[in-house]
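Trainee: Here's the letter readout for the chains.
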Amino acid sequence: MEKQGDLVQGTLDMLVLKALARGTKHGYAVAEWIHESSNDVLHVEEGALYPALHRLELRGLLSAEWGSSENNRRAKFYSLTKAGRKELAQEAEYWQRMSGAIARVMQMA
Amino acid sequence: MKMWARVKALFMRKQLEMDLEDELTFHLTQREEKKRAAGIAAEEAKYAARREFGNATRVKEICREMWSFASLETFWRDLRYGARALGKNPGFTVAAVMAMALGIGVNTGIFSVLNGVALRLLPIPKAEQIVSVDQIFHGKLSRNVHGEPELFSYPEYKNYRDHNHVFTGLLAYEPFLEATLGGESPAQLMGAAASCNYFDVLGERPELGRVFVDADCNAPGASAVVVLSDDLWRSRFGADPSIVGKSVSLNRAKFVVIGIAAPGFGGLDPWPSAFWAPVTMQKELEPARGFLNEDNTGWLGMLGRMEGGVSIEEVRSDLRVIAARIDEQYPGRTTTLVVHRASFMGRPEERTVVFAIGGVVLAAVGLVLLIACANVANLLLARASARQKEIVIRLSIGGSRWQIVRQLLTESLLIAFLGGALGSLVAFWSMEGIAQFVLAHLPHGSPRLVWNVNPDLRVWGYSLALTALTGIVFGLAPALHATRQDLSTAIKEDSAGLTGKTGSGGFLRSTLVGMQVAVCMILLIAAGLLMRGLYMAQTVDPGFEMRGITQAIFDLPSQGYSEERARTFQRELIARVAALPGVDGVEQARVTPLNHQFMGTGVTLAGETEARQVEFNIVSPGFFTMLGMPIVRGRGFTKEETQADTGVMVVTESTARRLWPGGDAVGKTLRNFEKEEYQVVGVVRDAQASHLGEPGGIFIYMPAGPKEQANLQLLVHSKSGDSATANGIREAARTLDADLMVDVTKLEENLELWRTPSRIVAALSGALGTLALLLASIGVYGVVSYGVSQRIREIGIRMTLGADGKDVMTLLLRQAMRPVMIGAVVGVAGCAAVSQILSKVLYGIGSHDPIAFIGVPLFLLGIALLASYVPARRATRIDPVVALRYE
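As you go down the protein sequences, you meet chains A and B in turn. Residues in the first sequence are numbered from 759 upward in steps of one, following my numbering. Residues in the second sequence are numbered from 1081 upward in steps of one, following my numbering.
Worth flagging that the hints you see were computed from the coordinates, not collected in a lab. Source: prediction; values computed, not measured. Heads up, a few of these hints could be off.
Said to hold, decoys possible - Derived lysine-lysine pairs resembling DSSO-like cross-links, with alpha carbons at most 30 Å apart: (1) B:K1115 to B:K1126; (2) B:K1140 to B:K1126; (3) B:K1115 to A:K783; (4) A:K776 to B:K1115; (5) B:K1140 to A:K840; (6) B:K1363 to B:K1787; (7) B:K1787 to A:K783; (8) B:K1140 to A:K776.
Given only the sequences and the hints, what does the whole structure look like? Please build it.
Mentor: Spelled out as structure tokens, the structure:
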């Protein structure tokens, strides 16, 4: 079982960006999405998510807006900006290369 | 974007706070509902949601900090909080600020003096472009020196001036030129012979008239013009503008005044110039010898103004080429040039001395500051334990250690800056006065000096850096210590501990006290050694008689006297002075004893080829009798030996012992540089007639023959030895030559100049030692008091169980004195090293002076004992019942 501590900071940022690639979400939904789409392998300590969201917002990769949730509660919705999309593309490409390389190394007997 | 978001956040603080709260609450509620929907009980779901979320306070804090100008805002908050904390505890604040003010004030003051003497740039326009050039020779050296060995000859100067590619102008001047200004009462002036571009290179405009033009330096002796200083113009000529165009007499040569230099301009040395004459007039100003055509005589200092965009490194490499070319004429010799931004005391030899002395003094005041720092650190430690609970609570609710350390450091910096500002202001305000006072009280014979000790940017910077550094130095250890708590035990811990230890921080506190005592010990022993040195200097027996002797100093060669005229003058002067009432002896000497003039030469022993350096004096036959220096072997000089220049000499006992060990010196011979042979006719008892405190050098006396008459000074013994004799001598000299400057003083006054350095040093070290002692005893007192207050309950219990006052006292004193004793031992050891250095710098100081090394530690231990006894006694008077209830 992976713990949050195993996620390096940059990785968390990338996961957050990926979660928002399909559209606007609030923080709770981001946490749930990471949870579900990794088949419960990646467990983000939920508190750590918010500093990441705020950091990305301050870097201009995300934009935020207050709206109301499915059950009519006030919630802060995040969406990717143009810069955010570009960053995600770069991160994804880099990740692909790295994980590919690591996989190849690990397969050598 | 980022900036703007933060600026917005700054003004919408409340909104941001609420949003953050809402956002996190929303998350927790959602999670909680999901858990409940999965069938978990309401209460359990709530806790599970929180558990999964982690430390919400911490998350909020991180986000909050992200949104703010973190550093600036927290700094401002820390500052306000710190100011409030200090304001709540005025006693502590005043004590800490005063300690810092003392420590930093003393340091800033001393540094501003050093800055004024040797660091600040010359007081001229665009001084940062001016560099000084000096030379140091290596290898085979034969060179004549007039002044200092780093100086240049006139042909060398012209070479550098004409062949460099880095200066807009290169000037040269003779720094040590004395001249008698003629008039109704002649005055002795310091002046300078300067190249004719001197004022142009420096960018100095005259207040009146003109400065030199190139034509003034065209030919030796051609242009007898002079620029006077504003100071001289006002004091001597009543600021009369019509003086320009008139002539004045300098060393009996007529010079036409062409201009008055700008007010405040006094040349390039700390001893201000009163006049400037063209360098080509050197022979007229110093008739005894002309230097202009001598290739290998150093007498000129050089300064250049760099062209724009040229670096000092480029200057060095450019001039090096010229130096190498000059060296070619002197096989076996290489010259290194020293080039740096021009300041007062810029010549390498002067710098070495100034920086050595400055370094020692700065180290001493640095030690005082260290003691002050230890005091404040101790106060902070005590306060930190009083604030233990506050700190622990902040740590346990998620404040990071760094945040609290930062808060505590802000407080200590606040103390440092308050103290630094106070101390520096007092130092700036008082230093000017102190410098004036010292300069006004220098003894007769020392040159007039000008110091600008006003603070400039460098001094401000120094004081600021020092303040910041001390704030961190004394604040960091207590802050780190206070936050290094084991949370659970600290919260549970009773404020008045029952353990046998001195409470938390006992070790750090003891270390600080030990360090204070050690440093204080070093300062006090050094001060003690210096005071003893001073005492010995005041009471030293120079080995000859000074009472009743008056000296008359005059310089005939500079006044154009020929050998013939000098002989006549001396003969008549002696006759007139001998006839004065009360006078019973008149003798001549090349230099009068202890007059800070040293004649040296090389002599060769029979059978040796290598020359030895010796000091010598040239004296008349009655010299030894007048000064009470007995001839122990052979005889003194005879009258006949002074009629002709005979090759005889008298040596001191040490000389005899060192040059001819085991044998009889009388009858032995020496050769001087000119291969003339001198024979020893007598041996005189050792006396400290040249260097006070240094008997035993090689010293020889030669008879005052006719050739020497121009250079001799007078020693007059009278029964009264009073001012009547002095006036009589002055009057006699004036009758013979009204324009001659004659300096008549008591011989004993020569001692003053020898004693002044050790007197200044002793006064300084005494003051610093007292300050250190005061600070250290406050430190010891504070720590013991604190220890006692921490252990009142323990003491109460001990006394209830049957311990009496004496037991408690012994216990407390033993614990208080342990760090003191350790510090004392370390201090004594450190001081043994320091005194080794001191004994080399200052004369008359034994490096293992038992009085200083035993007396000072005992004294300091006594003070420490007293400082611990007072609070300890208070503890023994405590009523056990009250003590047990004490919180």
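Trainee: Is B:K1115 close enough to A:K783, meaning Cα to Cα at most 30 Å?
Mentor: holds (20 Å)
Trainee: Does A:K783 sit within 30 Å of B:K1787, going by the straight-line distance between their CA atoms?
Mentor: Judged against 30 Å, a Cα distance of about 111 Å means the pair is violated.
Trainee: Tell me if the straight-line CA distance from B:K1115 to B:K1126 falls inside 30 Å.
Mentor: The hint holds at about 8 Å.
Trainee: Given the hint that B:K1363 pairs with B:K1787, test it: the Cα-Cα distance must not exceed 30 Å.
Mentor: holds (21 Å)
Trainee: Assess, step by step, whether the Cα of B:K1140 is no farther than 30 Å from the Cα of A:K840, and give holds or violated.
Mentor: holds (28 Å)
Trainee: Going straight from one Cα to the other, do B:K1140 and B:K1126 come out at no more than 30 Å?
Mentor: OK: B:K1140 and B:K1126 at ~19 Å, within 30 Å.
Trainee: For the pair we were handed, B:K1140 and A:K776, check the Cα-Cα distance against 30 Å.
Mentor: Roughly 24 Å between the alpha carbons, so the hint for B:K1140 and A:K776 holds.
Trainee: For a C-alpha distance cap of 30 Å, please report whether A:K776 and B:K1115 respect it.
Mentor: holds (26 Å)
Violation of the numbered hints given earlier is confined to hint 7; every other hint is satisfied by the structure.
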